[in-house]
Every structure is written in C-alpha cells, then in structure tokens.
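Novice: If you want the building blocks of each chain, they are given just below.
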Amino acid sequence: MNQQTEILNSYLTFRLGDEIFAANVSKISEILEIPKITKVPRSPDFMRGVVNLRGTVLPVIDTRSKFGLAAVADTVNTCIIVMNLSLEGQPITIGAIVDEVQEVMEIEDTNIQAAPSVGAKYKTEFIEGMVKKNDLFIMLLNLDMVFSHDETHMLQELAGSKDAAEDKSNSKK
Amino acid sequence: MDNLKAIFMAEAAELIADIERALLQLEQDQQNKEGIQSIFRAMHTLKGSASMFGFDTVSTLTHHLESIYESIRDGKNQLSTTILSTTFKGLDHLQKLIDDPTMENEGVQQNHALLLKEIINLEQEQHQDIAKNGVALLTVPVSVEEVTTYYIYFLPPSTIAHNGTNALYLVEDLLNLGDAVAIPFFNNLPSFEELAPDASYIGFELVLSTSKTEKDIRDVFMFVEGECELTIVKIAAGNVLADQAVQTKLLGEQNLDAPKGVEKIKDILTASAPALAQSSQATGKAAQAVSSIRVSSERLDELMNLVSELVTTQARLSLFAGQETSNEVATIAENVEKITRRLRDNAFSMCLIPVENLVVRFSRLVRDLSTELKKDISFKTEGTDTEIDKSVIEKLTDPILHLLRNCIDHGIELPAERRKKGKPAQGTILLKSYYSGANVIIQIIDDGAGIDLGKVKKKAISRGLIAEGAELSEKELLDLIFLPGFSTADQLTGVSGRGVGMDVVKRNIADIRGEIELNTKAGEGTTFTIKLPLTLSIIDGLLVRIKETDFIIPLVVVDKCYEVETTLLTQAFNQWVTLDGERIPFLFLRNEFSIYENPPVLSQVIKVAYEGRVIGLAVDRIIGQYQAVLKPLGQLYHNQNECSGATILGDGSVALVLDTAKLINKLFIKTKPMEYEPAN
Numbered sequence: 001m002n003q004q005t006e007i008l009n010s011y012l013t014f015r016l017g018d019e020i021f022a023a024n025v026s027k028i029s030e031i032l033e034i035p036k037i038t039k040v041p042r043s044p045d046f047m048r049g050v051v052n053l054r055g056t057v058l059p060v061i062d063t064r065s066k067f068g069l070a071a072v073a074d075t076v077n078t079c080i081i082v083m084n085l086s087l088e089g090q091p092i093t094i095g096a097i098v099d100e101v102q103e104v105m106e107i108e109d110t111n112i113q114a115a116p117s118v119g120a121k122y123k124t125e126f127i128e129g130m131v132k133k134n135d136l137f138i139m140l141l142n143l144d145m146v147f148s149h150d151e152t153h154m155l156q157e158l159a160g161s162k163d164a165a166e167d168k169s170n171s172k173k
Numbered sequence: 001m002d003n004l005k006a007i008f009m010a011e012a013a014e015l016i017a018d019i020e021r022a023l024l025q026l027e028q029d030q031q032n033k034e035g036i037q038s039i040f041r042a043m044h045t046l047k048g049s050a051s052m053f054g055f056d057t058v059s060t061l062t063h064h065l066e067s068i069y070e071s072i073r074d075g076k077n078q079l080s081t082t083i084l085s086t087t088f089k090g091l092d093h094l095q096k097l098i099d100d101p102t103m104e105n106e107g108v109q110q111n112h113a114l115l116l117k118e119i120i121n122l123e124q125e126q127h128q129d130i131a132k133n134g135v136a137l138l139t140v141p142v143s144v145e146e147v148t149t150y151y152i153y154f155l156p157p158s159t160i161a162h163n164g165t166n167a168l169y170l171v172e173d174l175l176n177l178g179d180a181v182a183i184p185f186f187n188n189l190p191s192f193e194e195l196a197p198d199a200s201y202i203g204f205e206l207v208l209s210t211s212k213t214e215k216d217i218r219d220v221f222m223f224v225e226g227e228c229e230l231t232i233v234k235i236a237a238g239n240v241l242a243d244q245a246v247q248t249k250l251l252g253e254q255n256l257d258a259p260k261g262v263e264k265i266k267d268i269l270t271a272s273a274p275a276l277a278q279s280s281q282a283t284g285k286a287a288q289a290v291s292s293i294r295v296s297s298e299r300l301d302e303l304m305n306l307v308s309e310l311v312t313t314q315a316r317l318s319l320f321a322g323q324e325t326s327n328e329v330a331t332i333a334e335n336v337e338k339i340t341r342r343l344r345d346n347a348f349s350m351c352l353i354p355v356e357n358l359v360v361r362f363s364r365l366v367r368d369l370s371t372e373l374k375k376d377i378s379f380k381t382e383g384t385d386t387e388i389d390k391s392v393i394e395k396l397t398d399p400i401l402h403l404l405r406n407c408i409d410h411g412i413e414l415p416a417e418r419r420k421k422g423k424p425a426q427g428t429i430l431l432k433s434y435y436s437g438a439n440v441i442i443q444i445i446d447d448g449a450g451i452d453l454g455k456v457k458k459k460a461i462s463r464g465l466i467a468e469g470a471e472l473s474e475k476e477l478l479d480l481i482f483l484p485g486f487s488t489a490d491q492l493t494g495v496s497g498r499g500v501g502m503d504v505v506k507r508n509i510a511d512i513r514g515e516i517e518l519n520t521k522a523g524e525g526t527t528f529t530i531k532l533p534l535t536l537s538i539i540d541g542l543l544v545r546i547k548e549t550d551f552i553i554p555l556v557v558v559d560k561c562y563e564v565e566t567t568l569l570t571q572a573f574n575q576w577v578t579l580d581g582e583r584i585p586f587l588f589l590r591n592e593f594s595i596y597e598n599p600p601v602l603s604q605v606i607k608v609a610y611e612g613r614v615i616g617l618a619v620d621r622i623i624g625q626y627q628a629v630l631k632p633l634g635q636l637y638h639n640q641n642e643c644s645g646a647t648i649l650g651d652g653s654v655a656l657v658l659d660t661a662k663l664i665n666k667l668f669i670k671t672k673p674m675e676y677e678p679a680n
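Line by line, the protein sequences give chains A and B. Each residue of the first sequence is one higher than the one before, counting from 1 in this note's numbering. Each residue of the second sequence is one higher than the one before, counting from 1 in this note's numbering.
The hints are simulated quantities; they were obtained by calculation from the structure and are not laboratory data. Cβ coordinates follow ideal geometry from the N, Cα and C atoms, glycine included. One thing to keep in mind: the hints can contain errors.
[Stated by the list, open to error] Derived EDC-like pairs (lysine to aspartate or glutamate); straight-line CA-CA distance at most 20 Å:
id, chain 1, residue 1, chain 2, residue 2
1, B, K531, B, D479
2, B, K249, B, E263
3, B, K212, B, D173
4, A, K39, B, E548
5, B, K506, B, E476
6, B, K395, B, E356
7, B, K395, B, E298
8, B, K531, B, D503
9, B, K547, B, D651
10, A, K39, B, D620
11, A, K39, B, E597
12, A, K132, A, D18
13, B, K457, B, D479
14, A, K39, B, D651
15, A, K39, B, D659
16, B, K521, B, E474
17, A, K36, B, E597
18, B, K457, B, E517
19, A, K36, B, D651
20, B, K607, B, E563
21, A, K39, B, E642
22, B, K96, B, D368
23, A, K133, A, E108
24, B, K215, B, E227
25, A, K39, B, E592
26, B, K459, B, E476
27, A, K36, B, E548
28, B, K547, A, D45
[To be verified] Now the stretches of chain B that chain A is said to cover, found in silico as 3 or more residues with beta-carbon under 8 Å:
id, stretch
29, 587-601
30, 625-636
31, 650-663
Sequences are here, hints too, so could you generate the full structure?
Specialist: So, in structure tokens, the structure goes:
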C-alpha cells in the first residue's frame, strides 16, 4: 500500500511557455530528444507526425498547439515525453512535445488544491488540480483526458472542414 | 508431459481433418480405394498415438471405427452411407474427446456410449454378413505403409559372446521388424580341433521386407556395430517376400558354406518374384512425397519478426555504405541486401498456406447444414491452391463460415422451389480464389434466390436504420446489410438470422486489411467478394519524397516513372497529363497532402496501374527501391485514409506507406478538378 502511494505521488514537471505543468510518472515511460518527425498528410496541426521509437512508430502531439499556445521553433530543451495511455479502452503509446522537462517531484495529496473553475485558461477537465511551489502554480494534468480524449473526433472534424474548404474553392471557380 | 500432450492434440486435429477430407471424397465416390486406404491409415495412427498419450476413450472409439474400415479395405464389406454418416458423427465426437478425454461433461459421456454402440453394431453387422456368406472373401492384404526390402549381411565378431550378446537374439529382432528370411553361412567354421567353445563362427544373410527405415535396422546392431561386419543394402521397394514362393525359393537355395552376396540374392528374387518389377513404380511414388517438418507457428512469427528487423538493419547498412568511399563496403552491403531479400522471400513462403486448408471445414459445414435444412447443395471450389499468409487464413475462417451459413440458409432455396423457378434442383456454392496483383480475392458465389432489396429496405426502415421515405441506390441498400443488428431472415433458425453476423464479418475482414463486397441479382444468386492483402508484414516499395516527407508506393502497382515539368501539372486541365502519347489522369500529391511550399521545377510522375485503372502520382523526387517493413500508424491516425502504414528508413526516420487503392478510388469517385494553390 505504501509503495503504491509513493508511486502515485511522484510527478514529472515540464514547461510550456511560461507555465509549469505536472504529470503523474506512472503513465510516463521515457523522455526523448526531438528526432526527425514525419508529418502525416491531412492530419490536424497539433499532430506533429510520427517518429521512430526503436522500431515502432510513435505518434507525436504538439502540446503547445493542442493547448492553443503560439507555435515556437524547437530549441535544445524541447523534448518528447513518451506516455502510455488508454484510448477507448485500448492501450496506446503517444509522445507529447513540451518546451522543457524540469524535475520529478513528490506532491502530497493534501497539497493539491482544486482547479479554479472560473476564468480558467485551459479546459478544466484537463486539469486535475493545482499545487503551489515557490510562489509558482503547477497544474496537474489528467493525461488520459488531454491526449486521448476526443482525439479521433477532432480528426474527423478536421477532415470534414477540409473537404468543405475544397468545395468552396471549387465553387469559386 | 503437457508439451507432449499439446503435440498429440495438434497431430490428432490434423489426422481428423485428413479423415474428414477423405470421407467427403468418399461420399462422392464410394469406390475410391485410395480414400478408404487413407482413412484407415489416419485412424491407425490416431489410435496409436492416442493410446500412447493415455487418451483411452479416443483410442477405443478409433479402434472400432478402424476395424470397420479395415474390413472394407480388405473387401470383406461394402461402404455404405450409414457407415459414412456414423463416421462423421464419430469424428465430431473424437474432437470433443480430445479436449475432454475423461468425459467430465455428461453430454459427451452419453454421446460416447451411444456412438460406441452404434459403431459396434455396424461392426457386428459386417461380421454377420461374412458369416452368412459362409466364407470370408480372401483378398491380398494391401500394404499399409511404404515397405522396402533390404539385404543385410551380418557377421558378428568371434568374440561376441564375451560381452554377453547373443547373435541369435539380434537376428530375431530383425525378423520382428517385418517379413524376413535369414540364411546363415558357416564358412568361418574351423575344424573341430580348433573350435573354441565360446567363440562365434556363424554369419547371416537376411532379406527383410519392412516399413522401417535403414536407421531402425542399424539400431538393432547398436551395441555391436563397431565390432561386427555389417552391410545393409536396399534391394527393392515393396514387400518382395509377400509371396510365399519367394520365401521358399530363398530358403531352398541354401548353400551354407559361403555367403551368397547381394547380387546373387537379387537374382534369386528377380527370377521368382514379379514384385521387383513393380518396385520401380513404387519408388517413383515415394520420391514424390515432399519431406516436411512440423514447426510451431510461434517460431514462424519469431522468424518473421527477426527478418523484419534484419531488413530494417540492412537498410541502415546500405545507407552507411553509400556514404562510405570504400568499394569493398559497398560490395558487402549489396550482397547483404541480396541475401536479405532472398531470406525475406523464403521466410514469407513458409508462412503462406493454401486456401485448401480451409476447404475441408467448409465442405463439412455445407454437407451437414444442407442435410439439416433438407436442401440439396453441391459445394465446389476453384483455385484452392492460392496461398495466403497464415495469420490471414486464421482470421478468415469465421467470416467465411458465416457467409456460407448465410448462403445455405437464406440463399439456396429448397429443391421443390428451385424446380418451380426452372433451376436445377441441386444448388451450387462456389468458393473461388485467385491472385490479383498484391491481393488475394476469395469469392463465394451461390445460385440461390439472391437478396430481395425491397425486403432489405423494409427491414432497415423498421429497424430505424434509414428514414421512411429515403431514396437509396442499390449499392447503399446492400451496404445496409453490413450494419450491426440487421437481419432479413423472417424467423430465427439455429443457423443464422440472429442479426449478429454481417457487421462482424465486415469488421473481421477489415482487421486483416481486407475488404468485402456484395453483388446480388434477385432470383439468380449472390456473390460475396473478399479482397485481402497477400501479406501483412513486408512489401517491396518505391521510395519517393515530397518536400521533406518520404513516402512508399507499393512496387507491385508501379508501372513506369516520368519526369514532367511541374507547371505542366499545375496548369493541366482537369487533371489529365499526356505520357508516352497516352492521356492519363493524375494526382498532384502535394495538393492532396496540402504541402504547398517550394514546389520543384521538375516533378516525377509515377504511373501506377491498379485493377485495370491507370493513374499518375506526382511527387518531387524518386529515391529508389525500398523493402518496407509495415508498421501500423496507430489508433490516432485511424481516420487517415491515404496511408496504410509506416515504415522505418535506414536513417531511422519514418516513411509513410501510401494506400494506392484508396488514392485511386478517391480520384475516380471524386472526379471533380482541383486547383493548385501556390503558397502566398
């Protein structure tokens, strides 16, 4: 029981723009440098593409774009967090691009505050809670929600909107 | 022990399938001797191994069945439909027994008792027949296994008795291996004064007709082989000694002073037995049998995985060698590439199994079900030697079984009804398979009632699948059948009509990257066409590049490559381009994939042909040929239609495998012109 609590209390923190987020380590398997990313045609912008993870094809998501932050060029600190999530009951491994990975820290359950529901910049269902550390608020992410929830829907929507755009351009002619 | 049991179960399943296949043949042609022979053989083996592994119930049942076929084989009895159907029942029961040998299931137990009685009754009937006839018909026993005749020369060392071996026992062992004649010779026998009481002076020549191999014969001499003089020569195929006259003749030739030698023996045999003349035929037959070994499918999967990794590693080596200045490295890399390709093809062919393997189960289903439903159906097959990857075959069985069930239950009409419609009373279901490019096509064609589209529509409306006044094309209506919860059968039978099925069929086939199509003509029949990829793991492809993204086009569809000025393509009217004086439609892939930056001055148009359609695919550059190990793109790209997968390139980056079939279909369905928009 003790051990389980320990695992559950370890969080990996990472930076996106000026904000710090944390994700439970139990779902994270490794951190990669940015290799060459192959963009898959006609996929949404936040899907950066696929990379080779030791022989398997890993889809990579641009977390900035997913959270609606402005795109920036990759730096030396930019990296991919590889996580094991579940999508519609199926296990799935995906990579998330973040600006910088910071540290693994212990966060006691008692220190976690509820996420503010009013005036939130991010969808509240993505945020499990918040922690204050050195005058800085760290947002705890619900990874399953952020990276697999509704993903397929978005793809479908995008394909639909693209077709609509094409129709428009054709009718112009 | 569990391991051994598993081996037995696998073997038993195969034997039962063999018997089943032969039975189905016999049903068509009851005089087929070869069929009876193979049933007997398979039963015999099954009985043997079952008792060896403690499956006593299996061996008892098989034993009784076997004796029925034994008497038929020996001509003491005639095959009858009763016997055949009892055997079918017996086989089904055997399958259950193999899973549950101690009969813990009560149903199995009752069934066992009943069947055993039935079989034993049949057996006794036969014996009574014989008794009635007064004399048992005498027939020449047919050899069950391949028998070979050997000449063996055996001279034990004179000291053989010193280490406790009795030369006579060895000879006796040999005699037990089959029909044999032993001729001793005494030319080493010294005069009485020199005779040592504990020394052996006798040698033997033997003619042995046995189904055992030469190795088995040598095994008899295991403990003395190093010391004695031993020669084993194969002199004829078949049992030369079956004829008593030959045996007598051999024994009559006794001249015990000296060994006769193999030539002399042969002469004697040829002079007296016509069997030797026949033997050449038998040898020819034996040579035809392809030797094979049993390999577990896990090992094959492992092999395929390793080959896949090797192919990827080889690509890295080739890339590295290309950057290296040394010629030698280039040569080595080239050789590795050649060998890898051959290894890959070889490993592939191991994983391919013919569709034939499925057919037995299918014919059985058709037979049982048509009897049950009182329909007269003949099941025909065509092109069953078509081979498909074993993993595909495994997943194909259930969908096809379901389609067949539907054909029999809903498709084919009752004989009376068929006659009324002016069709032959016997319905036909044809299972047809053939290659088409990189695909295997399997068709199930019946000449039954076809699908009533009106009925489909009514049903769909009542199930709320479509709106009341909806206008649907024929194809759209047929597609409704593949929706979950759809069934047109008016009443439920045990066979089909529960509305689970066609959607599952479609999903199962989609899981193995296949497609299913349906054509029907009311009153004339229905055709299901299943299209499957030949293999699931590695393909030969053409590596091309658009901007910085690499793509693979399956090589099988590539016809020719052309260099065309990009402006010609971007300004082309209605997406047609003239290549070699022939106008073909093309897809400017940059447009399709929304990549607009920096188009090259010259584009490459790759002419691909697919199911009779020819189109051009325009890309920036052609890199070269590449063996692509297919990897799934994953669930996140589930709706991505243009790419069927991805592959890892030599430099570790990922290339996308284009699904040309989908691209082409898209072009032909959506024929509207598209304008090229340069980036602002």
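Novice: Measure nothing beyond the straight line between the CA atoms of A:K39 and B:E642; if it is 20 Å or shorter, mark the hint as holding.
Specialist: holds, 13 Å
Novice: Going straight from one Cα to the other, do A:K39 and B:E597 come out at no more than 20 Å?
Specialist: holds, 14 Å
Novice: Does B:D503 sit within 20 Å of B:K531, going by the straight-line distance between their CA atoms?
Specialist: holds, 16 Å
Novice: Is B:K395 close enough to B:E298, meaning Cα to Cα at most 20 Å?
Specialist: holds, 16 Å
Novice: Does A:K36 pair with B:D651 here, judged by a C-alpha cut-off of 20 Å?
Specialist: holds, 10 Å
Novice: Are the Cα atoms of A:K39 and B:E592 separated by 20 Å or less?
Specialist: Holds. A:K39 to B:E592 sits at ~14 Å (cutoff 20 Å).
Novice: Quick check: the stretch 587-601 of chain B, covered by chain A? Criterion 3+ residues, Cβ under 8 Å.
Specialist: holds (count 4)
Novice: Check whether the Cα positions of B:K531 and B:D479 lie no farther apart than 20 Å.
Specialist: holds, 16 Å
Novice: Below or equal to 20 Å on CA atoms is what counts here, so check A:K39 against B:D620.
Specialist: Answer holds: A:K39 to B:D620 is near 16 Å, not above 20 Å.
Novice: If you draw a straight line from the CA of A:K36 to the CA of B:E548, is it 20 Å or shorter?
Specialist: This hinted pair holds, its Cα atoms lying about 10 Å apart.
Novice: Test coverage of the stretch 625-636 of chain B by chain A using CB-CB distances below 8 Å; three residues minimum.
Specialist: holds (count 6)
Novice: Next pair to validate is B:K457 with B:E517; report whether the Cα-Cα distance is within 20 Å.
Specialist: Status holds; Cα separation ~18 Å.
Against the hints set out earlier in the document, no violation occurs for any number.
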